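There are 2 protein chains.
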Amino acid sequence: MKEINGGITAPKGYKAAGIFCGIKKSGKKDLSLIYSLVPAEAAAVFTSNKVKAAPIIVSMDHIKSGKAQAIIANAGCANACTGREGLDDAKIMTKAAASALNIQEKHVLVASTGTIGPRLPMKNILDGIKIVTKKMSVSGAGDAADAILTTDKVRKEIAVQIKLGGKTVNIAGIAKGSGMIAPNMATMFAFITTDARVSQYKIKAYLKQAVDLSFNMTVVDKEQSTNDCVFLMANGLAGNPIPTGDDEKAFQRALDHVCIYLAKSIARDGEGATKLIEVKVSGAKKFGDARLIARSVAGSDLVKSAVFGEDPNFGRIMAAAGYSGANFDPEAVNVFIGGIQVINNGKAAQFNSRAARKHLKGKEVLIDIVLGRGTHMATAWGCDLTYDYVKINAEYHT
Amino acid sequence: MKEINGGITAPKGYKAAGIFCGIKKSGKKDLSLIYSLVPAEAAAVFTSNKVKAAPIIVSMDHIKSGKAQAIIANAGCANACTGREGLDDAKIMTKAAASALNIQEKHVLVASTGTIGPRLPMKNILDGIKIVTKKMSVSGAGDAADAILTTDKVRKEIAVQIKLGGKTVNIAGIAKGSGMIAPNMATMFAFITTDARVSQYKIKAYLKQAVDLSFNMTVVDKEQSTNDCVFLMANGLAGNPIPTGDDEKAFQRALDHVCIYLAKSIARDGEGATKLIEVKVSGAKKFGDARLIARSVAGSDLVKSAVFGEDPNFGRIMAAAGYSGANFDPEAVNVFIGGIQVINNGKAAQFNSRAARKHLKGKEVLIDIVLGRGTHMATAWGCDLTYDYVKINAEYHT
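Residue numbers (numbering that gives the first Met the number 0), protein chains in the order written: chain P, 0 to 397; chain X, 0 to 397.
Don't take every hint at face value.
Identical chains blur together in the list; that is why a pair holds if it fits in one copy or across any two.
Unchecked claim - As a list, the in silico DSS-like pairs of lysine-lysine whose alpha-carbon atoms are at most 27 angstroms apart:
hint, residue 1, residue 2
1, Lys90, Lys207
2, Lys357, Lys24
3, Lys134, Lys105
4, Lys122, Lys51
For the record, the hints were derived by calculation from the structure and aren't laboratory data. Source: prediction; values computed, not measured.
Chain P extracted, bound-state conformation (with noise of 0.2 angstroms):
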């Protein structure tokens, strides 16, 4: 597997175009498109919260055909408790997209992110659709990466090169996060493409898995939006054979390779981070446990404003660890920040407090909690709780 540019259109047969079209005040990119020249293999991880945004219910009904021929996707306005008239506006948003790219509606998915209560400015979201769908190029994919931001600072975007059965399979990905990240999703996209053939019946699994291992262990702040959503799309251009064993094994990697990329620079880049926290739990009995004492710590609130203010603080590690809800010996419990180990056998390590600070004061910090009772191990990202934190969501006004 090897990492290479063009983001999301890397992988063959697919277009992507960002264009302002005005929802965003601040005059930014806010309509995104990306579309497969042949309906693609699709499968689809939405939010579990209970309210659920328009574009959420429709596109959840779209993806039960199983295939997908184009994505779009709006920021700057969520479409959420809207009621019915929302649930119009989200499925004439797919019609027109669908006529105007000569697609079967159902073959098209929505998203739309932002503020949670106004209407979508249809107007705009209309004359936008005949403008981006015009627009979309193979060299579009970074404007339509950018489309998809809010208050994220940098674009998202990979693109992954594998070979399966003799042939060049690309697949690549772009996501917006930075607030309301939380186990289970949060106001976050991804949205993945790929040339590779794959069974219709394994891609939805395929997609499970990878989801589980990047987006469902990113915290930011332990919200859940009513808006996110993870989209897959495969449209088989790379006419390699339908992947089984090893090549099979091998796609799966590069697909949670991009989705965890993509989950760790959500995690990098949540709202006011300065450092990506990095939660390793080992030697769990179950897995189940290792993942719940993996978010519980990289979730927080304590830990993540020790990490902000550099301090090796291992008492609250342990009291997250604690209060997870996992099965664990608190007592064989070993704990190491940047490798320095703090906690021995449950109990306060001596350690060199200043060498702590040195990995403290560095962008991405490593927390590793040895269960020392099993094999089973889970990862988990978060980031620092900082002024700036607050200071976006409490300036963010309605």
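Chain P is already provided as a structure; the job is to place chain X on it using the hints.
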């Protein structure tokens, strides 16, 4: 029921004291004693954190006797993650208090709060126990309340009086809170005294109900500490008949009132907090659903940031209800901020944003969520998320 003065020693037969014994660097009081002239019926609720501090383990053992005559508590050092040696320290504390007071060791409950990791300075503690046991008096209630505080800005105490079977009965409590406060408690203590005679078989159930309605509905930061505990002593010196029927209900109401008052004090004085948030959920099909939603909204970092920013952000309220895990119909939900309707049957309502902002400028913010599908209700309390929360917790060094 009326509120009275006198704090924790307002009930008959209690003495208290609080002194500085040398744990807190600030020189503030750090060792607290509450004593009953006679052994009291007693009950306790402890943190459910898997990582339990040494004093918790000792008090869990002592409360098995069903009786208590003294509470010895220190602030400044949590005696957590201190291994076998820490456990010995906690036992030595109860032994020293029992010896100085000439009571049974198993009738002494012990609690510690403060930094996780370091050992207790046992010489200071033992010297302190000699002083505090001599100094205790009916007028020492305020000192005892002060000596359990850590980052708290204000003393938390209350006393109430009711009539049971013609006798005057008093119930009083002190608490400490501030950080690490979550549903199912946090770095919080509440010590409650009463001169009521109550059934030894029912005292645990009385306390459990009161805690479920109060401390377990208080969220500062979704953390849960290694040291939380609530202790109740009922020494029977009021001479009332054991309450049944209406008297029993009156006692429970008064106990609930004391605990809710203390729980709200904890939320109001949350680390960095400038506002108390009260979230009332009604119209739920099940009590558990009302409870989940109330706690989720009161604990949401995004809702808390919005309240700090004085923004009527109904979208974040809906999102936090949606990811609470509760079962409800989003399209039947009505939400009010300070009595102003912001969500109407699941949709953003037209509302007077100036009036809503005016309410949010106050010191108490009231969020009403009416689910419209049943008759169950629950109330949770929290506080806003401010720059100072981050500052306090980033600068608090291990």
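Hint-by-hint comparison with the structure:
{"no.": "1", "hint": "Lys90 / Lys207", "in the structure": "within (26 angstroms within a copy, 51 angstroms between copies)"}
{"no.": "2", "hint": "Lys357 / Lys24", "in the structure": "between (41 angstroms within a copy, 26 angstroms between copies)"}
{"no.": "3", "hint": "Lys134 / Lys105", "in the structure": "within (22 angstroms within a copy, 79 angstroms between copies)"}
{"no.": "4", "hint": "Lys122 / Lys51", "in the structure": "within (24 angstroms within a copy, 59 angstroms between copies)"}
Every hint, counting from the list given before, is met by this structure.
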